[in-house]
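Participant: Could you fit the two chains together into a complex? Lean on the hints.
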Amino acid sequence: MPAMSTFKKSPWVVHFNCNSCNGCDIEFLACLTPVYDLERFGILHVGNPKHADVLLVTGSVNHRNARVLRNVYDQMPAPKVVVACGVCAATGGIFADGYNVLGGIDKVVPVDVFVPGCPARPEAMIDGIIRAAEILESRNTAAITSVSCRKPLHRCTPVPDSPKPV
Amino acid sequence: MIRRNTIPFGPQHPVLPEPIQLRLVMEDEKIVEALPSIGYVHRGLEKIAEKKDYVQDVYLAERICGICSFMHSQNYCQGIESLMNVAVPDRARFLRVVWAEIHRIHSHLLILGLLADAFGFENLFMRLWQIRELVLDIMEKTTGGRVILGVCTIGGVKRDITPETSDYILRQLDEIERQLSAVLPSLTHDYSVKQRLVGIGVLPKDKAYELGAVGPVARASGVAMDLRESGYAAYGELNFAMVTESAGDCYARTLVRVRELATSADLTRQALAKMPSGPITTPVKGSPTGEVLARIEQPRGELNFYIKGNGSRNLERFRVRTPTFANLPPLLHMLTGCQLADVPVIAICIDPCISCTER
Ligand code: SF4
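Here the protein sequences line up with chains A and B, keeping their order.
With our numbering applied, the first sequence corresponds to residues 1 to 166, in that order.
With our numbering applied, the second sequence corresponds to residues 167 to 525, in that order.
I should point out that these hints are in silico values taken from the structure, not numbers from a laboratory.
Fair warning: there could be bad hints in the mix.
[As the list claims (entries may be wrong)] Below 16 Å or equal to it, Euclidean Cα-Cα: the simulated EDC-like pairs (lysine to aspartate or glutamate) are:
#: 1; chain 1: B; residue 1: K307; chain 2: B; residue 2: E288
#: 2; chain 1: A; residue 1: K9; chain 2: A; residue 2: E134
#: 3; chain 1: A; residue 1: K107; chain 2: A; residue 2: D74
#: 4; chain 1: B; residue 1: K217; chain 2: A; residue 2: E134
#: 5; chain 1: B; residue 1: K213; chain 2: B; residue 2: E482
#: 6; chain 1: B; residue 1: K451; chain 2: B; residue 2: D219
#: 7; chain 1: B; residue 1: K371; chain 2: B; residue 2: E411
#: 8; chain 1: B; residue 1: K213; chain 2: A; residue 2: D74
#: 9; chain 1: B; residue 1: K218; chain 2: A; residue 2: D97
Isolated chain B, as found in the complex (with noise of 0.2 Å):
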């Protein structure tokens, strides 16, 4: 006889680092049901935007995730810049590049590493983990921050990138390939991973599109999404091709991503080549006026951030959209239907941020 029951995933859980709960109702091993359970990490972020001086906001709106944290920063700045009409500095448009593709390739490596400990791989959650230091190191070293860098600014960033610190910056992502190339092919090619991720949390294309997946969800299941292509910051000036894939499972996504490394360490290194010199930043007088929907293409998607002034040092509004809370609903639809080993895998490999999500 089949009997139902209800089990509580979180949110304090050994494999999800994140503080969501999932209620799985299930039948036997099988999930018929997933209801998530949220507020555990709402700071209220948007009502301090509100209190806070706008230019004061910009590190606010860095401290959303701690992941993505530049790019947080960055949107909120490309948003008000726009707002007030102020033309970057080309330099600061590559710069911001720069960081926010290490920012990238730490992001994926993070993630590429909870799936191993998820799945059960703790050798290789560590050997990414210790690559992804490498990642760090660079961060410090341009910024003197690890993970929160707070160099973005209205009107530009704050630090150079001196000729040096850029050779540096190039021997270091040789060395990261170097020792990514002895690691990866354990997660794209192993036998037991495979099993792990293969045909797991299947998302159709069409369901993709419905549900309004984006970024290595969405692409992953086939659809071509990357808002880089829209060449905001100095995109338009580099080469990149998207990253995609069509089977929509556990193992396409992992793919994506591992992927994307390549072609964030190649955007890095486009950018450093071709930055033009010059000033890193411009004067900002005044206060923002009107409205503004910014968007940019974070690690795990898109990025929305709506940005209203009056007139005043304080925003009238603003409103945070994170990729996971596009992603919940993909989520829940792939839930449905799995086996609760498969919970962790499936969970973690829409690389959830639930402290964005609810700000």
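Extracted from the complex, chain A is given alone in its bound form (with noise of 0.2 Å):
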């Protein structure tokens, strides 16, 4: 039996603003709003990661929030796919040259489209949302879902937790 193609049809999108001007969140946003719609490719927006198949990201890796990417991609089940969205998740875009900014979001997580803009309009998001569910798709069919693929952290100072509040 062919399996199902339930990713395709509708894949979750969880979003996740890494470290991005807003720019590209609210193009996102738009996305979801009735002019662009993109319910209408089945493509719903969850707050949860462990619903999602796919994780949209929107700006740059820090020290600060490369652990909690890592963290968001790590809990969405297997197979997922990754979306960077604007130049800023590419290479770091105008940020690049910051001493907080490690680059790219694939110093952290695979990434399987990038969306080129700063920002990205929607609907260049669209396409790359949709083409995301297209490799999502492969990846269901080719039956890797139990290999994920792991990347080291690599250039990433551990933060420590702020003190606990008594």
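Facilitator: As structure tokens, then:
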């Protein structure tokens, strides 16, 4: 029996604002609204990474949020795909020289689709998510569901938790 | 028996699109203390600004925040212009007002929509964001960008508004107001919406003053403070009445934003009508020397830039104080004593923009 194309028909997206200027974030939120209407492709925006198939990241990684991003990625069930939105998520963009910026999000999680633009246009983001859904589908049929791609967190110094309130 | 718990709220949270973490110390359902934990979107922008040319910094300043991007670049340009004694052409001053006020409409609609989403009125969120797309259409038509415009430059602006485009903007504004008049009453008069907003997160006037609230948060508590009254850009030649409320709760803050939508549309119309003809930019030579504190009224409140130049192409120091930073102490005050279920509404009501706060 051929595998059901559940992923292609309704990929669920979790959005993580990494280190962005908000430009790409509000463009992603604009995708959800009636003018662009992401849901007509069956794509749903969810808040819980455990429900999601697609991780959409805006902005670059810094020392503080690298661990959070990795955490969100690890919590997602396999198979999963990652979409990097905007030049910040690809390379660090205009902030690449920052002392606190590690670079693109591919330093921390494996990226499948890069969406260009500063900010990326909603049309481009929708295209990116649909391509990601196709990759997801091929991963599903290739039955590599149990192998999750793990990259070490390099160049990141662990950040100590802030002191516990009493 | 009352149990004390600490609940982490964020940095990745379904209703809060901004990456801030609030550690909420709870006694049962009541919050006794809120501790913010920040740094998730710190990009080191002030240091990057020192490495780049001061003209390149206009684009960097614009990317402090993608929501009120134009006003960041406007404030930066105004600061550098006053350092270098550049007289901006009159037409450019009016064009800046047009874009700034259109940006304010888009920003207020954005936050009102997110507020509707925070108290679970998804339909209203969708409708408000649908209307917001009409505002973005104006920006796209006049500048080519949807949220990051890139039109402000030191000595003026880069693009002009032709009479046809001006007519288009007026028609679009009428359409926006027509659609808003059908939607906004459900935000201001709906019984269940009022249940979620009236009397929630009260900030009395003296506390607002003491804690240094700015923008709609301060005006909703009765502190009459709006930098546009100081008459920067072309505001001195336009008439507008400052919007204030006295209750200081989430409902008052919503009302202030709703009423400011009309003010901004009116200011845009006035600026388009009174705009003189002439050049839109003047050539600028040399490099900035000295220091200046540039201030501007953003959708969220007062924005301060401290700029110090030493006569070279690079700035010696660039410091950003954003309105959300000023509004965080009032937020912590409002959160203390409230219910856990009200946290998203109160947090959204100050219109937090963490990306600009952490730079
Ligand atoms: S790519 Fe551009 S718009 Fe997007 S987060 Fe980065 S600076 Fe902002």
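Participant: Run every hint past the structure and note whether it holds.
Facilitator: Now for the hints, and whether the structure bears them out:
1. K307(B) to E288(B): violated (29 Å)
2. K9(A) to E134(A): Distance of about 10 Å is within 16 Å: holds.
3. K107(A) to D74(A): holds (15 Å)
4. K217(B) to E134(A): Violated: K217(B) and E134(A) sit about 42 Å apart, past 16 Å.
5. K213(B) to E482(B): holds (10 Å)
6. K451(B) to D219(B): Roughly 13 Å between the alpha carbons, so the hint for K451(B) and D219(B) holds.
7. K371(B) to E411(B): holds (10 Å)
8. K213(B) to D74(A): Violated, because 33 Å separates the two Cα atoms, which is more than 16 Å.
9. K218(B) to D97(A): holds (10 Å)
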